[in-house]
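**Student:** Those protein sequence lines, which keep their order, are chains A and B.
Residue numbers are given in the numbering used here: position 118 of the first sequence equals residue 118, and the series is strictly consecutive.
Residue numbers are given in the numbering used here: position 192 of the second sequence equals residue 1192, and the series is strictly consecutive.
Treat the hints as calculated values from the structure; they're not laboratory data.
Quick caveat, the model's predicted, so the values are computed rather than measured.
Incorrect hints may appear among the rest.
For each label pair, taking beta carbons as the anchor points, the in silico distance ranges come out as [said to hold, decoys possible]:
id	chain 1	residue 1	chain 2	residue 2	range
1	B	E1288	A	D27	37 to 43 Å
2	B	V1082	A	E223	55 to 61 Å
3	A	Q14	B	E1288	36 to 42 Å
4	B	P1086	A	G68	53 to 59 Å
5	B	A1026	A	E137	38 to 44 Å
6	B	V1223	A	K107	51 to 57 Å
7	A	P80	B	A1095	51 to 57 Å
8	A	V224	B	A1095	43 to 49 Å
Beta carbons: idealized from backbone N, C-alpha and C, even for Gly.
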Amino acid sequence: MLAVTPIIEITAGQKSFGSMQVLHDIDLAITPGEIVTLLGPSGCGKTTLMRLIAGFEDMSGGGLRIDGRDMKGIAPEHRPVNMVFQRYALFPHLDVFENVAFGLKVKGLRGGELRERVQRMLKIVQLDNLANRYIDELSGGQCQRVALARALVNEPKVLLLDEPLAALDLKIRQLMLEEMKRIHAETKATFVYVTHDQDEAMILSDRIVLMDRGRIVQVDRPEVMYAHPRTLFAAKFLGETNLFEGRIVGEGPEGLVVHTEGGVTFTVRAEAPSRGPEVVVSIRPESFSFDPATGDGRHSVSGRVEDIVFTGSRSFYTVALQNQRRIRVQVQRSAKHRMPARGAEVALFWDHDDVAVLPIN
Amino acid sequence: MLSAGKRMGVVLATPAVFYLLVFFVAPGLLLFVYSFWTSVAFRIVPDFVLSNYIGSLTSPLFLRVTLNAITIGLSTAAIVLVLAIPVAYYLVYVAKSKLILYAILITWFSSYLVRIYAWRTLLGTNGLINTVLINLGVIDEPVKAFLFSAFAVAITLVHIYLPFAILLIVSTFSEIKQDLIDAARDLGTSFLGGFFRVIAPNAVNGLLGAFMLTFILVAGDYVTPQMLGGASGQTTGLLIADQFRKTGNWPLGAAEAFLMFLVSLAVYFGMLWLCRMTGISVKRRPLEKRRAVR
Chain A
1 MLAVTPIIEI TAGQKSFGSM QVLHDIDLAI TPGEIVTLLG PSGCGKTTLM
51 RLIAGFEDMS GGGLRIDGRD MKGIAPEHRP VNMVFQRYAL FPHLDVFENV
101 AFGLKVKGLR GGELRERVQR MLKIVQLDNL ANRYIDELSG GQCQRVALAR
151 ALVNEPKVLL LDEPLAALDL KIRQLMLEEM KRIHAETKAT FVYVTHDQDE
201 AMILSDRIVL MDRGRIVQVD RPEVMYAHPR TLFAAKFLGE TNLFEGRIVG
251 EGPEGLVVHT EGGVTFTVRA EAPSRGPEVV VSIRPESFSF DPATGDGRHS
301 VSGRVEDIVF TGSRSFYTVA LQNQRRIRVQ VQRSAKHRMP ARGAEVALFW
351 DHDDVAVLPI N
Chain B
1001 MLSAGKRMGV VLATPAVFYL LVFFVAPGLL LFVYSFWTSV AFRIVPDFVL
1051 SNYIGSLTSP LFLRVTLNAI TIGLSTAAIV LVLAIPVAYY LVYVAKSKLI
1101 LYAILITWFS SYLVRIYAWR TLLGTNGLIN TVLINLGVID EPVKAFLFSA
1151 FAVAITLVHI YLPFAILLIV STFSEIKQDL IDAARDLGTS FLGGFFRVIA
1201 PNAVNGLLGA FMLTFILVAG DYVTPQMLGG ASGQTTGLLI ADQFRKTGNW
1251 PLGAAEAFLM FLVSLAVYFG MLWLCRMTGI SVKRRPLEKR RAVR
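Only chain A is shown next, with the shape it has when bound in the complex (with noise of 0.2 Å):
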């Protein structure tokens, strides 16, 4: 890994329009190949980053490298990237083979070899029958696919895309995500991927860099970031999570030992924050479980199920403590036990693994 040189290196990255500073500090080393996805809530610098590459803004301050080469200076028509645009950006007085041919011709390929390539990668995007269509004559999904192929089809070092299922519905895009994999193994580009979607960056990702107030907060593998987020800012964004603020008392052999406002006791295996003895502990709705085996045998609360949410496979409960503190539980639909109905006094079980300690804001 450390061997490979980073397809795109960003040092000290700042970006400021006007007196506002949009993006701050971004260190960013991305290896070629990878899946890396920019989340971030809306108005977190994501998009801006992506632009940086891209060449559509300048850089205020720091460095930017892409495939070894300094982009000082360069405009995007000379940069070894191509954009997939988040409402497309599809030209609509040519069809789709003329939009997917544009960047080859631009370069001033003609003739029996632009025809090959741009029909190769109509096939791969399985829209080799539509090539006489104008934009106006396609569907969503299918100029998302047009989208990609006139980006692809230019074999960019890197295919840079600005939340490009955001118009699309939920359906298409659980089909396009796949595609999107499938492509990505085909052409072996470098993707970078914006979203504020985390189910997509969870979905497509080999890395997330998860992104808040134009500071990078985090850069994981999506399992890891989701198991061990590092701030409450990443805890809270990534997946459903239950939160309670507490106070570190002690450490013993199995790890922090942190009080909490709901009356819980956790133990925590990981290294207290440097911040003081003020922390939130964090645990995710399906670390709870009403059967004692699947704990680890020495933590539990008892409460009240409040609420019950069934969708089928899952079923997200509401349990009440004593104190009033709700918590959310998730469960699997299960033969083997009965699960709790409304109102029932249940015990709740945890391994203190999934439990994750974040400092305070």
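Given chain A's structure and the hints, the job is docking chain B onto it.
**Tutor:** Below, chain B alone, put in the same frame as chain A:
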């Protein structure tokens, strides 16, 4: 029975359609009929002759003046378009502000005639331009050719019609998203390449509209040529106006007006052909007539 939508359309359009029928289509047809009549001693007589058309087309004066009108029209429209496009581009994609557009439209608060007189003052022998050039030592005596020339007509008409063109082109560019320009750059075009490959083809109707509006208004204008044109700046509009006002030969004036109409049509189709040839305008074929394989 009409659908609700169509009934609504009829209700909304009727006043304007009625107005145009009565005050534009009917007089236009009347004028067309006149163009086949004859004029005898300042009175027009119903007839069916082609002499008004044939006479015009064989008259050296008419041909010279019409050629003049076409030249002034084309050059003014071209200058207006070349000046308006960068301004519209700046307003839509860079400044993104309506304020500057409103400022440009303020020029309409000064009347057309006032502006013609203003240009007379500027271009005259004792005018601003001559005075400055003499004081700078560029010329020894006033240049008379500034005033009463095709140049004077063109510069004044550019001044008058530029805001119209800017307004039209701004509204056309507003329909074309910034994303398309970014996409073109991303796919390797330069700034100008992006304009010709992406903006111009999608704005071609608006650009052609602005060009033709300017051309028609300029080629048909008879006030500016009269005040600023001198002998070399005469246009067909003035000639036609004279047939109605001075010589009282309405049939000849009507025929000349229709010939001018044909000229405008010819210019329009000529421009359209030019856009097709250069690939700026693309005609979309119906789906079943498109090539499936290439």
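**Student:** Compare the structure with each hint and give your call.
**Tutor:** Checked hints:
1. Against the hinted window of 37 to 43 Å, the Cβ-Cβ separation of E1288 (chain B) and D27 (chain A) comes to about 56 Å, which falls outside the hint.
2. With their beta carbons about 59 Å apart, V1082 (chain B) and E223 (chain A) fall inside the hinted range of 55 to 61 Å.
3. Take Q14 (chain A) and E1288 (chain B): their Cβ atoms lie about 55 Å apart, and the range 36 to 42 Å is violated.
4. A beta carbon spacing of about 38 Å between P1086 (chain B) and G68 (chain A) contradicts the range 53 to 59 Å that was offered as a hint.
5. For A1026 (chain B) and E137 (chain A), the Cβ-Cβ distance of about 42 Å falls inside the hinted range of 38 to 44 Å, so the restraint holds.
6. Hint check: V1223 (chain B) to K107 (chain A), Cβ distance near 53 Å, so the stated range 51 to 57 Å holds.
7. Checking the proposed 51 to 57 Å range against P80 (chain A) and A1095 (chain B) shows it is violated: the Cβ atoms sit about 32 Å from each other.
8. V224 (chain A) and A1095 (chain B) have their C-beta atoms about 46 Å apart, which keeps the hinted 43 to 49 Å range intact.
Violation of the numbered hints given earlier is confined to hints 1, 3, 4 and 7; the remaining hints are satisfied by the structure.
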